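Visitor: Below, each chain spelled out in residue letters.
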Amino acid sequence: MKTVFVTVGTTSFDDLIAIIRLTSELVLLDRGYTDLVLQIGRGSFIPDPQCCPGLRMEAFSFKETISDNIRFADLVISHAGAGSCLEALGAGKPLLVVVNDKLMGNHQLELAKQLQADSHLLYCTCSTLPETLRHMDLSVLLPFLPGQPQNFANFMDKAVGLL
Amino acid sequence: MLVAVLCGILCCVFLAVVVLILRVLLVLRRGTECKPGEKGSVCVLVVAGSGGHTTEIIRLMGSLSQSYTPRHYVMADTDKMSEDKIRAFEASKQKGNIPQEFTIHRIPRSREVRQSWSSSVHSTLYALVYSVPLVFRLRPDVVLCNGPGTCVPLCTAGLLLGTLGLKRVLLVYVESICRVESLSLSGKILYHLADYFFVQWQPLQTKYPKSIYIGRVV
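If you read the protein sequences in the order shown, they are chains A and B.
Mind the numbering: the first sequence is residues 10 to 172 in this note's numbering, read in order.
Mind the numbering: the second sequence is residues 824 to 1041 in this note's numbering, read in order.
Derived by calculation from the structure, the hints in this document are not laboratory data.
Nothing here was measured: the structure is a model prediction, and the numbers come from that model.
All residues carry an ideal CB built from backbone N, CA and C; glycine is no exception.
Simulated crosslink set (SDA-like; lysine to any residue; CA at most 20 Å straight-line):
hint, chain 1, residue 1, chain 2, residue 2
1, B, Lys903, A, Arg51
2, B, Lys1011, B, Leu851
3, B, Lys990, A, Leu171
Listed next, the stretches of chain B that the computed footprint assigns to chain A, with coverage defined by at least 3 CB atoms under 8 Å from CB atoms of chain A:
hint, segment
4, 869-875
5, 887-901
6, 998-1005
7, 1023-1037
Sequences are here, hints too, so could you generate the full structure?
Guide: So, in structure tokens, the structure goes:
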């Protein structure tokens, strides 16, 4: 059993869900994935679970936490929100980020580009998703070391006069 | 006669504006001298934003000691998810029977994702009308934020508290990890107003020399 977990965080990203449903399910099957779990957030497009034979599909909008879904995934496909990315990277899962080019300013692309440059994830857009899935090599990805909030705390303790 | 009176009024308004600007500059300059922690505890107003913003702010809050109390979390009224995450976080911090000193407040959202810039000015001003009495009531030592539009009216209210000589509020801004090459709109606005402005990637520190870079903190 190989699971793909798709997450859009608290946003609505119907384009991603649609492109997965319409063009990418066959590619996923080809690459040996058997289960597809979709977290669709505030989106309104809910694919029919029976649509792709051979691929078990489940969809939900929100859960209190998606850490279990991430834990059981073999691949995480995520929107470029920091929370979703950090959770997937923190769990050590291969991460493919799909940047939503309809967002204002699209700052999300900056993070995806930097993390791809550092070999922590792969990124693409909705239109290039099927091609990326077809040719991606997840073995080149490097572990992402967690941030150090303690450095922030130490700095603040001195700055505010607690230390 | 009327002209003289009008000139007099204009001069007064002009002087008042100059005094206000000088006062704001003076207040801004004094940030590093302000040490609220010397009394043993630091009251924090924490700005929660949607999605990733709240995740990041919770990671920062998780690193702060118990001396940062009470904690007042403020979020936009349309934010459905942050309150649950914050309550879960505070519950996890709970040690024994010591009651956790935290509160949760809501103000009108300054700006929705994809909202036009011009209407954002109106909604931010509307949020300011709520932010000022809230911040004046809570009187935090520190306002901690990381980029959602909600932080602009709250930081402005904090600055106002200091400008009026009521209380010097430290403004601490931690730019989101998403921002690698450019600041968010909130970041651009608050870069000159925050007492401590953190960025999480080196290229930003180079572009914005007054910012603080101590590596990734979330």
